[in-house]
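Chains as they are written, first to last, in my numbering: chain P, 1 to 378; chain C, 379 to 756.
In short, the hints are calculated from the structure, not lab data.
Ideal placement from N, C-alpha and C gives every residue a C-beta, glycine not left out.
Heads up, a few of these hints could be off.
What the hints assert, rightly or not - Simulated crosslink set (DSSO-like; lysine-lysine; CA at most 27 angstroms straight-line): (1) C:Lys424 with P:Lys327; (2) C:Lys705 with P:Lys327; (3) P:Lys46 with C:Lys424; (4) C:Lys424 with C:Lys705; (5) P:Lys46 with P:Lys327; (6) C:Lys705 with P:Lys46.
Unchecked claim - Sample of chain C residues facing chain P (criterion: CB under 7 angstroms; computed from the structure): (7) Lys424; (8) Ser425; (9) His700.
Each chain, written out:
There are 2 protein chains.
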Amino acid sequence: MTLPTTGFGFDVIARDADARAGSFRTPRAVVETPCFMPVGTQATVKSLTPEEVSTTGARICLANTYHLWLRPGADLVERRGGLHRFMAWPHAILTDSGGYQVFSLAELRDLDDDGVTFRSHLDGTRHRLTPEESMRVQAMLGSDVAMVLDECPHGAAPRDVVEAAMRRTSHWARRCLSAPAREGQARFGIVQGGAHEDLRIAHLEDIAALGFDGVALGGFSVGESREEMHALVAALGPRMPADRPRYLMGVGTPQDLLAAVAAGLDLFDCVLPTRNGRNGQALTWHGRVNLRQARHREDDAPLDPSCTCPTCTTWSRAYLRHLFVSKEMLAPRLVSLHNLWLYGELMRRAREHIAAGDYGSWAAGVAEAMRAGDEIGG
Amino acid sequence: MTLPTTGFGFDVIARDADARAGSFRTPRAVVETPCFMPVGTQATVKSLTPEEVSTTGARICLANTYHLWLRPGADLVERRGGLHRFMAWPHAILTDSGGYQVFSLAELRDLDDDGVTFRSHLDGTRHRLTPEESMRVQAMLGSDVAMVLDECPHGAAPRDVVEAAMRRTSHWARRCLSAPAREGQARFGIVQGGAHEDLRIAHLEDIAALGFDGVALGGFSVGESREEMHALVAALGPRMPADRPRYLMGVGTPQDLLAAVAAGLDLFDCVLPTRNGRNGQALTWHGRVNLRQARHREDDAPLDPSCTCPTCTTWSRAYLRHLFVSKEMLAPRLVSLHNLWLYGELMRRAREHIAAGDYGSWAAGVAEAMRAGDEIGG
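Next up, chain P with everything else stripped away, as it sits in the complex (with noise of 0.2 angstroms):
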């Protein structure tokens, strides 16, 4: 169908349970779903080029406002041509409403209704972020797909503050709809309720009523355990509008992955492939693998030899250990280009089993292999 924006649109090709494999198209790429959206928050996927991260199937990408706001600037960047150009990467960028950074990172953080006025991270200067400010920012970056501002309240806070954030959400929300548009940018809300099932569905309705191009599931990873997490998703998955595109922001392992998409979420992103890949924890299809650990010293086995990554085809996890224990610019390099690349080809993977109709049983097959050959506790 197409979504409200001019040159959006997404349609569900297929159907397996509540999982779904869809097209979501938009004016840079056709982005197919299930898909995860790998993070280049300063308008760079850490230590890759465009080029390599679009080989692991990626055709959108998330770059987070709050940091480019910042710094370079987003009036630099519009002069530049918008991210797109300034970043070199042709395909969909996915913006952030900035809010989540000004909560984590920012200091002395002054919250109304009306806003949040908070003190650079970076040189203490003192801005003010609202609604329609972050439409504002991010119209200038260019993204294709803009994220309202929510606010996102810790896992373990009182229903009372939960509920709060909900109100405030959801007016901001309206604030950023009524916000002037840019032309060829879809907006996306956002759901929260902390960890409590009744007030995810209520707001839920409440969002996904204001006629959202898509909406996203907030405020999860926040501190609230994996089964909760798992639990809720596969309660909202469902009752998420069946017509557009739905997005589980910040999330998170491979097999959580898994568990959304059988609960019928579509878009995906998340620092763990690289943030991980830099610290040498490879992903594999056999679960995870910790270059620092001395058995693979002498280990002449690629991370993963079912995987036809350039670094897994190439390199020896004792080469990739040497790079690591030699604090060598490529390893986290090497590392990270795997990692994306085992995202891309499960989200591939699950397309594929939806469409054939065996997601469930695929699915299962592969989060027990990745469980069974873990070397990491925890």
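Once you have looked at the hints, place chain C on chain P.
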């Protein structure tokens, strides 16, 4: 002609005054000379893949025996099938003797006529490097060209110290030649003599008479002035064996290479293009560009408009500056690649102009354009 070691050869293809273009044949690669060898200290040219390094035109790179001996260990590399397979570099590799790093990095050096005892800069363990041990370690690494162990005194060392180092270097060179040879591994001798032209000439005659596969000038860029170095190289180059490769070790800037090529040198290595690239200094046909300078903040031009490297054909100075200011890992990678591309292209054009017979005027024009456009003082 065929060099002393089986599988190696060297032919001068063109001459222009003292400059020469040649072909250095090794079992794994034909190296067109003049040629720059990128430095892969710890079995990796920092931040780059072997494939990227080879796109710069390099068919031989350098690895450091001292570093690899201490970590991950030459025996471990040998069990992995040698350095080429370990790092996935299919072309030729030259290893240094380890001596230079022992003198510059290691602690508690105890030098005698037989060798040098030192403590590792990594963990303080005691090791002993002798001419035979250097050859044994380089044989285990499996490089295509091994360098003899030499003693390199400081550039300001008094004449008698330089003479003693020359005698020791000559003695060690003979011992290296007597050590068991690895099949398919050539050996290069090293000329010392400090900044004293008469000593340099005498030592060159001594080393050249020993029948190495190639002869190197060591002990430059260790404290002498640029003018002294250029004058010495100009005096020594034409006196070096005409029928084998001539290697100037550890030098230098593009202008240094142009001057040395004019003197008949063939092979070069230096950390400058990669080290300076990591620090935000790009080398271009119009001099050095410091990306940290504010003037590049909104500069949409590439590092060098005439450069065809991936960095210059994809990203602006404004983006590269943003990456450096934001401490992003992609920054050193993209500028290292550009700088190596410049060195590769400089050597390729030098070969063309030697063949065309106009090397001198071409090189003078290049050096003048680099001087005139340089934006970094000193």
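Against the structure, the hints come out as follows:
{"no.": "1", "hint": "C:Lys424 with P:Lys327", "in the structure": "10 angstroms, holds"}
{"no.": "2", "hint": "C:Lys705 with P:Lys327", "in the structure": "16 angstroms, holds"}
{"no.": "3", "hint": "P:Lys46 with C:Lys424", "in the structure": "16 angstroms, holds"}
{"no.": "4", "hint": "C:Lys424 with C:Lys705", "in the structure": "16 angstroms, holds"}
{"no.": "5", "hint": "P:Lys46 with P:Lys327", "in the structure": "16 angstroms, holds"}
{"no.": "6", "hint": "C:Lys705 with P:Lys46", "in the structure": "10 angstroms, holds"}
{"no.": "7", "hint": "Lys424", "in the structure": "6 angstroms, holds"}
{"no.": "8", "hint": "Ser425", "in the structure": "4 angstroms, holds"}
{"no.": "9", "hint": "His700", "in the structure": "5 angstroms, holds"}
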